[in-house]
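Line order of the protein sequences matches chains H and X. Going by numbering that gives the first Met the number 0, the residue at position 49 of the first sequence is 48; the numbering climbs one at a time, nothing skipped. Going by numbering that gives the first Met the number 0, the residue at position 613 of the second sequence is 612; the numbering climbs one at a time, nothing skipped.
Please note that the accuracy of each hint is not assured.
In silico PhoX-like cross-links for lysine-lysine, where the CA-CA straight-line distance does not exceed 25 angstroms [as the list claims (entries may be wrong)]:
(1) X:LYS372 - H:LYS26
(2) H:LYS121 - H:LYS17
(3) X:LYS189 - H:LYS159
(4) H:LYS141 - X:LYS189
(5) X:LYS208 - H:LYS159
Simulated from the structure, these hints should not be mistaken for laboratory data. Since this is a predicted model, take the numbers as computed values, not measurements.
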Amino acid sequence: MMLEKTKDIARQILEEKKAGGVFGLMKNEWNIIQPHLFEDPAELANLVLEPKWLLAKLAMRILRSSPENYKLAVICRGCDERALIELIKRNQIEKENLLTVGIACSQEQAAICLCERPYPEKLDAGEKVSGVDPFQDERVQKFLTGNDKERMERWADMLKRCIKCYGCRNACPICICDPCKLEDDVWVQRGVVPTETVTFHLIRAFHLSDTCVACGACQEACPVNIPLLYLQLSMRKTLREKYGYEAGIDPETRSPVLSSVFEKPDTDREYPAWINSLGEKDES
Amino acid sequence: MNPEFIKTICPYCGTGCGLIIKVENGVAVATYPDREHPVSRGSLCIKGWSAHEFINHPDRLTSPLLRKGDTFQEIPWDEAIPMAASKLRETAAKYGGDSIGGLSSAKCTNEENYLFQKLIRMAFKTNNVDHCARLCHAPTTVAMVQALGSGAMTNSISDLAGAGCIFAIGSNTAESHPIIMGEIYKAADKGATIIAVDPRETAVTRNAKIHLRINPGTDIPLLCGMMRHIIDEGLHNEDFIRERMEGFENLNEFLQLWPVKRAAEECGIDEEIIRNVAEIYAKAKESAIIYCMGITQHACGTANVLTICDLAMLCGHVGTEHSGIYPLRGQNNVQGACDMGALPNVYPGYQSVSDSAIQDKFQNAWGSTLSDKPGLTVTEIIGLAGKNIRAAYIMAENPALSDPDTNHVLESLKAFDFLIVQDIFLTETAKFAHLIFPSSCFAEKSGTYTNTERRFQLLRKAADPPGNAKEDFEILCLLGKALDLDFSYKNSSEVMDEIASLAPAYGGICFDRLERKGLQWPCPDSEHPGTQYLHKDRFTRGKGLFVIPEHTPPKELPDESYPYYLGTGRMFSHYHTGTMTRRSSFLNREVEEAYAEINPEDAAHLNVKDGEKIKITTRRGSIITTARITKRVSKGYIFAPFHFTEARANMLTNPVLDPGSKIPEFKVCAADVRKESQDG
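Modelling step: build the complete structure from the supplied sequences, incorporating the hints.
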């Protein structure tokens, strides 16, 4: 159902020339699935929606290497939509050049991803299922509870596995800085593994603190199974609870990190707990 | 516009990860991981993510080149191919077919390796064909064939995650096979005990439960001490030994020589620790052994591997899903190059050239007489240059950096009457060629690679080779035809069909069946689903054989003149002779110049600061390199990666060979280190 509806929408987009191409997943005669830019409606018979395969960053690259007026439609899940919105906010994508075909994730997929919003705001096909509270998950609790020292030990133990593939950065739809902080020699020593992996990953985590959409691409790309998504969850939670802000929901709402530069800060605001989460102070 | 996404296989290590190459206007511009790949499942290491970077490098060779004095001149293919054919022919006519040597390539496809060995064997009636497996896992094929009947990794990569104990000896898995390291962590997360044996500290040893920092070259004492303790404690698997093994009494008697105390003294490890790891390995329900160059690159490499086999079989840790012996293969297709018979003693499928029935089979199939005399190995072909070997054809190998005792290798490379090198860059070896064929890289060809878990995988062409460069497959066909062989293959798929018809273990392999996930050999017929793990119920050779390992210490140990141990190896951002990685900007950014690791105490003694130049000298030669001061190496031990042309670690290494497999002893020699004056 959802697949057929998505194909219909995609076909309409191509036939009515609303976009030059539809970016999604294709399954070939050998059941091989891979990203594909559909430009011919006849190819849409091979469109598939599974498995979850984040397309936002690939879509951005397609748009950035296309002629100025090329319009691209992207078949996207909730996380892809949120990532694309963040890329618009960071001036990586022209809003006018992007169309989305929003599809809903299954309850099963939401559970795998620990996803709080397993659907896009602009939903075109499929039924919304309810989100999952990641903080109820045992695996997450193992890394986010306990005192500072215990947490630091647990994380350091995980992070020292890092083999410096840069896969988390490469896969992250929002990691787009050029030059990348991880590549300037101040913080992370070149040419050595394991290196200052705690620094490496905290630089990345804080860089993304207000822009991470919890898609999990970092964690899925990690060859050594570091639960990188969990590193972002507390920061996302605090932004939501203390500032009413969530990355990727609305292209017009600025991150509080930016708005505090442009707008007068609200003096009644509390400091979020995570600011101190790796220091000496014990939260309890 | 319309970018295309082409699924293919990584060109670096033997893990065989899935890549997706993004192609824009016919040019490979980016690499992404393949979420659906059975091994890598959406992950890649730093090299995999950077695999597209060297493809469009301006240094790519784009035309056949003919030596004119000290320079090269571009010539067309229709001159280059006939010239190669006539030079090789003339040489064979004058000195005999055994005066021709061929080095095939673990970087090339199965089909290309098959054609290469077929060309050498048919055209010149010689078995002088070998490749760089000689320098990495030759002891594995010799020893595991003797003990188990098959020289390949027994299990699959994903099987590791279910092991109860993983014993990693002489493998820097985290840097050399990073995606396999992920499987080790999966096992650890489920409660497996990880034991690492390495004279150096690595990411593996730091993340292991127990690290045994043994003296270099004392693997056999350690393993024998462990076995002795296992038997003394009655932890050996008696049922397994009775039903599936032979030679236990001999082994048991031999192990009387190796009480734990003696083992502990030899390898510099506490007796208690040896007992402890022996018990952990023996008692786990399923234990896996991972090993690599730290085991094989010794003058006792074959004995080292035999000892590993003995330990595994003593405990019955072979032939089940999560146990096994894991020799991690180095090159992307070194498994395949061996499988395809790019070896001097066997045809494709490890069928002996000296067996007359096998010889008949190949003579009939190929319509040619063939030699039954085993040929020469890599180091012999190079070493006999200008003597027994008058002309050589080297396909995508770089002995000028990869072989031991470089000074001697360089002299040899000059001594060939005629040398043809086929490569994608003007390598250090190609500079010695009389004739150079420009060829294609992994992204510019179709065919198959076989990874370390025996998985045939399809390579898909993403871009055309640059300029007038050609696919190696096409070059081989052209040369074959010029040598009057029937090499009129339409494509590599047709070659695979011929391979399947001649090598029973690959009988069921054909391109159509490989599309989605590939197939693991043995796969004898078109219905067979492939083999996840070997030696279930029965060893390939019937019964498993305990072989007595002869312990020989390294041939050259530190002395007064050369007081340091020197070992060579790899590091995470570069690969082998650096031909590709040093032309990848992101990889080269991590490490831009040669270095050697030295312990802080030694550095202080030599008054060397981190980043200063040192001169390392052995009986073969010396290099000047940058000191990296680190406790990763023990006092008295120097580690030098061998990727760097400006300071070739192999200038220093000892060319002494393991008698069983003829692998050189890269891992240990004696060296002297001095501070190099900054202005000198």
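Results for each hint:
This hinted pair does not check out: X:LYS372 and H:LYS26 have alpha carbons roughly 50 angstroms apart, beyond 25 angstroms. For a cut-off of 25 angstroms, the pair hint linking H:LYS121 to H:LYS17 stands: about 17 angstroms separates their Cα positions. Our distance criterion of 25 angstroms between C-alpha atoms is met by X:LYS189 and H:LYS159, whose separation comes to about 18 angstroms. A distance of roughly 15 angstroms separates the Cα atoms of H:LYS141 and X:LYS189; the hinted pair therefore holds under the 25 angstroms criterion.
Our distance criterion of 25 angstroms between C-alpha atoms is met by X:LYS208 and H:LYS159, whose separation comes to about 14 angstroms.
Hint violations for this structure: number 1 only, all remaining hints satisfied.
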